[in-house]
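Engineer: So the chains spell out like this:
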Amino acid sequence: MNKTVIEIDHLSVRYNGKLVLKDLNLKIQKGEIVAIVGPNGSGKTTLIRSILGLVSYEGQIRINQQPIKASLAKIGYVPQTFSFDRSIPMTVAEFLRLSFKNVPLKKLRHGLMEVEMRQYEDHPIGSLSGGQFQRILIARSLLNDPAILVLDEATSEIDTVGTKSFYDIISHLNKVHQTTVILVSHEIHMVYKFADHIICLNRELICYGKPKEAITKEVLEQLYGQDIRFQEHQH
Amino acid sequence: MFELFHYPFMQRAIIAGVLLAGLFSYLGVFVVLRRMAFFSDGIAHASLAGVAAGVLLSINPLITALMASVVFAVIMFFLEKKTTVSSDTAVGLIFTFGMSLGVLLISLKRGYQPELIGFLFGNILMIKSLDLLLIAIASVLISGLLFLFRREITLLSLDREMAYLSGVNTDFFQLLMNILLAVSVVLGIKILGIVLVSALLIIPVSISKLISQSFGKLVITSFLFAEAIMLVGIFLSYLFDLPTGAIIVLTGSVVFFAVFLLRKA
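Chains L and F, in that order, are what the protein sequence lines are. All letters in the first sequence, in the order written, are residues 1 to 235 by the numbering used here. All letters in the second sequence, in the order written, are residues 1 to 265 by the numbering used here.
There may be inaccurate statements among the hints.
As the list claims (entries may be wrong) - With the Cβ distance kept under 10 Å, some of the chain F side facing chain L (calculated, not the full set):
1) 29
2) 151
3) 154
4) 159
5) 161
6) 165
7) 166
8) 215
9) 218
Keep in mind the hints are simulated off the structure, nothing from the lab. All C-beta atoms, glycine included, are put in the ideal place defined by N, C-alpha and C.
Excised from the complex, chain L in its bound form (with noise of 0.2 Å):
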């Protein structure tokens, strides 16, 4: 049987009194790979950013039956960006040392090594394209063992090579590390491939379940209008 570890609860959030996010309920098992869809503004990030505890907001959520700081430890976070300037002289290894304190060179190189990166450990930050340093954070998330992976658009500045590649990774530390991803998404196609629950936003819970079952024509006129078609290859 599964083992619930995030639970959300009547979950509603305000920026400057505006209703961003109504009353969502939510249950994420172990081991999943879980996507959220929906078009730009739909609450996306402050779902994210909640499950986090970067937003204030009304209602409950329990990570593995505790409040959000009790299991943060637990959780790794790859965003969009930082906003940090990478132009500051910072090698791959020094950045990974940062995130926990006494990283053993032994576990940050695996860290590397999982994301195809290994090579990198000298290089300075700042020398790396938008997709190597994606993997880079990835290999961040992971050096605290997560229980939980949680990507923000982490895609949105990699080519389409650099994505599949991406997505491959991501599935990779799913099935080996049992490790439960929670990743924000605009590509519907590596979504469906690749995601075992969808999560269909448009400020409050549009639709949740397995891709095939979950995103249907009625689904995406309300996540993104009429204009929207949606065709399933059969390759």
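Go by the hints and put chain F onto chain L.
Structural biologist: Just chain F now, with coordinates in the frame of chain L:
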């Protein structure tokens, strides 16, 4: 040439300069990372209120300036945290408030105030034994704290959210950073003056950034550049009887442009 080492005032100046250059080079790395250059400039200017209060009350102005700068640093932290006022606006508010209060207090004391001019533009002759003692204690303490919490402060300086998610108490360390920076800036005023003190925070690390490939090298080369600039600046200032603060900053600026051009060549 070496007779300058025989004068007690020069000995005090050199010791204070070496200590402050080391502290500023390390602190400057975080200032540049966290984009707090305007904060340090604002604190330096606002501390005029403390300096003026000291002169008016016949207390060592360095002590009153230290007290005022810590109060301003704490106010800036809470303005940023508890209101929608942005960081640079908060600095702007305190900067102008402190300066205005300083000018007002100065106007209450009649006659020429040479000590005030020294605080504005720096004066190496102004470093007394008590000042040197304060600079030495504070430099060791602040450098020690920066080293002890280097992971937390580096993470916070890189990205506040990343620091929070790595388990850093971001509010505590931001407040600590504000206070340490405020105290350091005021200590540097004695040599560089209110107007120029923040230059020593940004010039050495900016030079190092041009030539470093790693954070470790950035910290080390920033330290070496800061010490060299400070010593050459003090020496030139003594040799040609020129204002110390301005000469130190100009020396640093020349080195910056020289390294920049050599790197391009």
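Engineer: Kindly indicate which numbered hints from before are broken by the structure, ordering the numbers from low to high.
Structural biologist: Checked against the structure, no hint fails, so every one of them is satisfied.
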